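Spelled out, the chains give:
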Amino acid sequence: MGRLSFSDTRHLVTRTALGAEWGGTKALEGKTRQEAINILLTSAPIRTPGLPALTPWANVTRMKQQSNMGKKRARKMMKIEGQRLKNWWIKHLLHTDAPVNEHMTLFWHNHFTSSLEKVEQPHLLYLQNQLLRKNAMGNFRKMLHAVARDPAMLVYLDGNKNIKGSPNENFARELLELFTLGRGHYNETDVKAAAIAFTGWGTDRNKGTYTYSQVKHDPRTFTFMGKTGAFSGDQIIDIILEKPRAAEYLAEKFWKEFISDNHPDPRVIKRWGAKFKKSNYSIKVLLKEVLNSDQFWSSKYRGTLTKSPVDLVVGTLRTLPFPKLSAGKLSHICQLLGQDLFDPPTVKGWSGGTAWIDTQTLLVRTSLLNKLTRHSKASEKMQSYLPKSTGTEVVEWLLPIAPVLPLPTTPGKRRMVRALMLDPVYQLK
Amino acid sequence: MPLAGMLPDAFAAGQRPDQIVLLVHLQGANDGLNTLIPYRDDFYYKARPKLAIKKGIPLKNNMAMNPYLKDLMPLWEQGQMAWVQGVGYSRPSRSHFHSLDVWETASTRHNEDRGWLTRVLTSRASAVNGIVLGDNDLGPMGGRGGSAVAMEDPATFLRQTKYLNKRNYRASNASLAHMLNVQNQINTAAHELERIHHAKRSRVKFPPSRFGRKLEQVTKMIINGMDTPVYKVTLEGFDTHAGQMDPHNNLMNHLGGGLKAFSDAMKQAGLWNNVLVMTYSEFGRRVAENKSGGTDHGAAAPQLVLGGRVRGGLHGRQPSLAPDKLYDGDLVHTVDFRQMYATLAQRWWRRPNPWANQHRPLPFV
Chain C
1 MGRLSFSDTR HLVTRTALGA EWGGTKALEG KTRQEAINIL LTSAPIRTPG LPALTPWANV
61 TRMKQQSNMG KKRARKMMKI EGQRLKNWWI KHLLHTDAPV NEHMTLFWHN HFTSSLEKVE
121 QPHLLYLQNQ LLRKNAMGNF RKMLHAVARD PAMLVYLDGN KNIKGSPNEN FARELLELFT
181 LGRGHYNETD VKAAAIAFTG WGTDRNKGTY TYSQVKHDPR TFTFMGKTGA FSGDQIIDII
241 LEKPRAAEYL AEKFWKEFIS DNHPDPRVIK RWGAKFKKSN YSIKVLLKEV LNSDQFWSSK
301 YRGTLTKSPV DLVVGTLRTL PFPKLSAGKL SHICQLLGQD LFDPPTVKGW SGGTAWIDTQ
361 TLLVRTSLLN KLTRHSKASE KMQSYLPKST GTEVVEWLLP IAPVLPLPTT PGKRRMVRAL
421 MLDPVYQLK
Chain W
430 MPLAGMLPDA FAAGQRPDQI VLLVHLQGAN DGLNTLIPYR DDFYYKARPK LAIKKGIPLK
490 NNMAMNPYLK DLMPLWEQGQ MAWVQGVGYS RPSRSHFHSL DVWETASTRH NEDRGWLTRV
550 LTSRASAVNG IVLGDNDLGP MGGRGGSAVA MEDPATFLRQ TKYLNKRNYR ASNASLAHML
610 NVQNQINTAA HELERIHHAK RSRVKFPPSR FGRKLEQVTK MIINGMDTPV YKVTLEGFDT
670 HAGQMDPHNN LMNHLGGGLK AFSDAMKQAG LWNNVLVMTY SEFGRRVAEN KSGGTDHGAA
730 APQLVLGGRV RGGLHGRQPS LAPDKLYDGD LVHTVDFRQM YATLAQRWWR RPNPWANQHR
790 PLPFV
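Chains as they are written, first to last, in the numbering used here: chain C, 1 to 429; chain W, 430 to 794.
Just so you know, these hints were derived from the structure itself, not from any lab. All values reported here derive from a predicted model rather than from experimental measurement. Heads up, a few of these hints could be off.
To be verified - Stretch-level coverage of chain C by chain W, calculated; a stretch enters the list once three of its residues show a Cβ under 8 angstroms from a Cβ in chain W:
#1 299 to 307
#2 357 to 368
#3 418 to 427
Even for Gly, the Cβ is constructed at its ideal location relative to N, Cα and C.
Can you make the complete structure from the sequences, with help from the hints?
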């Protein structure tokens with residue numbers, strides 16, 4: 001197998017990490033695909049910034065129960081602490097030594113969505129976020145079982161309201177539709193059956209931790225996906241994961257995340273799904289399979305994915321030494337760009353792809369990049385940072401395909417960087 | 430009913446559409462019961478010892494209009510004012526954010542990210558389908574395939590678009606093509622707004638409020654032939670949890686005065702038959718007043734529709750206020766809000782109704 005060019009390594013890094021630091025990207029040049037992927041996926045230890053001050057569940061619950069005033073105060077506090085949590089994550093995205101793991105954490109946040117808007121408990125969202133981070137490159141089966149017990153998820157999808165005699169199907173439905181199989185691969189009877197299996201799962205009133213209540217559980221026998229029994233929630237998850245479709249559904253999501261907005265070739269998805277399932281749902285195995293595939297490296301798909309707001313904002317600041325903006329400012333910009341962390345717009349998360357760009361967000365993107373690259377004292381640092389390298393290499397570093405607007409004819413590294421960043425192709429990866 | 434083949438080329442590029450809609454978002458959740466008042470219903474007075482309005486303007490069927498909407502009375506008399514009663518949806522959400530999302534995406538399952546107008550109107554390369562004024566959220570015109578611009582006001586928008594690339598380029602993939610399309614939409618809107626900035630304004634005097642200014646800007650765009658079928662403005666301040674009486678009446682006054690000026694300006698320009706005004710809000714408020722002289726988040730509420738071609742009168746059925754007919758203290762809707770959208774799609778624009786399977790249009794236009 002051939003050796004990777006600089007443009008290849010930039011492709012690999014920008015699609016799997018957060019931005020593309022010059023040194024790290026350059027270091028992979030000349031390696032084989034497999035070597036480069038192994039290096040990239042060997043994570044540095046994950047150290048998140050200190051925990052933001054968040055009020056524990058019990059105190060928030062108590063405040064809410066006190067009075068209308070208490071409810072109001074709790075909501076106000078939630079807003080402030082929610083912002084604190086968003087800033088905390090942005091800070092971590094910006095500084096982490098394990099950007100691939102963090103990219104995956106964000107991917108799982110979009111897969112297993114939960115929102116501050118609904119949950120109203122920043123501390124629970126923090127715990128969920130840590131759960132996703134810990135399992136981001138681990139085992140999908142293990143993560144799914146953990147997510148089903150996750151207190152934020154139990155609140156977000158009304159799992160804690162799902163009790164014997166009064167089932168709430170919200171979690172059961174999304175488990176099938178969004179987390180594992182996708183529409184068309186289950187029916188309404190399966191949703192109802194799965195909801196029965198999860199009755200009794202809830203959150204402890206005082207501690208906000210996962211609890212199981214025998215009294216609230218409906219122990220009756222039912223049929224789920226052709227199997228009959230008095231299944232538990234955990235058994236339901238395992239029955240689903242026996243289906244090859246579950247692994248293929250995840251393979252499709254990986255295709256969309258790492259390769260293209262276009263529909264994938266079903267044969268490729270079958271192959272990846274089979275590998276994934278055979279590995280007992282090892283996320284790393286699936287990711288390696290995707291990154292080693294010819295489709296990932298095909299020139300056909302280079303520069304066809306739209307950068308997410310986090311890719312654009314965090315990625316740019318990790319790639320180039322622009323003056324750092326405050327975490328509050330950055331999370332506000334991401335919100336304006338349509339990616340409000342911890343507050344995805346729907347249960348399906350952010351639709352992503354070309355939907356990142358609309359008349360609002362294109363203006364905000366342009367004005368942000370324009371402000372960042374405008375000549376200033378601070379941007380003079382750029383001059384010394386920029387690699388001593390050929391112009392072609394700088395273009396290959398910052399753009400996935402050739403620019404569509406003419407490049408400046410007057411020499412100057414900063415002018416060049418500005419032109420490249422304002423080229424429409426910079427919005428792509 | 431209209432068929433695909435009958436779709437008129439209503440939005441031929443470069444000229445004013447023949448059917449324009451002005452959406453007015455009453456932000457914060459308008460108190461429907463003090464807007465269109467069941468003034469002969471004992472339950473109304475029982476539920477609202479402090480907040481009941483006794484001096485409403487009687488319309489018909491025991492319903493009266495808030496007295497501060499008096500500026501709109503001539504439109505009622507001319508049969509150009511329709512009230513659609515009891516508009517809402519099943520299992521209503523009481524969260525502003527979530528319920529607004531329901532209204533704007535026409536989905537109660539929180540799983541649709543296209544606005545309802547994005548689904549009704551076809552995106553065009555040569556012009557934008559909507560202009561949102563006073564808000565940076567595309568709302569009902571957002572999402573994949575949408576074609577609208579949102580701005581605080583035209584001057585701010587023109588400043589923001591200054592740095593956007595104006596040059597055409599060769600788009601070698603679908604993502605670039607999409608970006609180029611969006612870029613062109615913004616530039617087209619900016620180009621038009623620049624022209625209109627220097628064009629004539631209506632001679633009608635608008636109220637000197639923020640709301641009045643927005644309506645005056647919309648008017649200027651319409652009378653100068655902007656090629657855009659939808660405008661959206663917002664009137665803020667309807668979240669009246671405490672001391673509601675005066676602020677709410679004041680808002681009614683703003684609403685009535687503003688829309689009166691707008692209708693006058695349209696009539697003067699000979700365009701009143703080409704325009705339809707529709708209000709919407711996150712939800713209504715509870716039937717009973719609270720202890721702070723306000724009302725908390727409720728459910729169903731009436732929607733106001735105005736226009737030269739509107740069929741005036743009361744439409745739909747007013748929900749009962751009898752305590753045993755309420756759901757958790759709230760009015761139960763009698764009209765699904767998607768019927769409003771179905772009506773605009775089918776009867777106003779003569780376009781396909783995306784909700785045809787579940788929701789039939791109403792005869793208010």
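Hint by hint, here is what the structure shows:
1. 299 to 307: With 4 residues in contact (Cβ-Cβ under 8 angstroms with chain W), the coverage given for the stretch 299 to 307 of chain C holds.
2. 357 to 368: It holds: at least three residues are needed, and the stretch 357 to 368 of chain C offers 8 whose Cβ sits within less than 8 angstroms of chain W.
3. 418 to 427: This one holds; 4 residues, not fewer than the three required, reach chain W with a Cβ under 8 angstroms.
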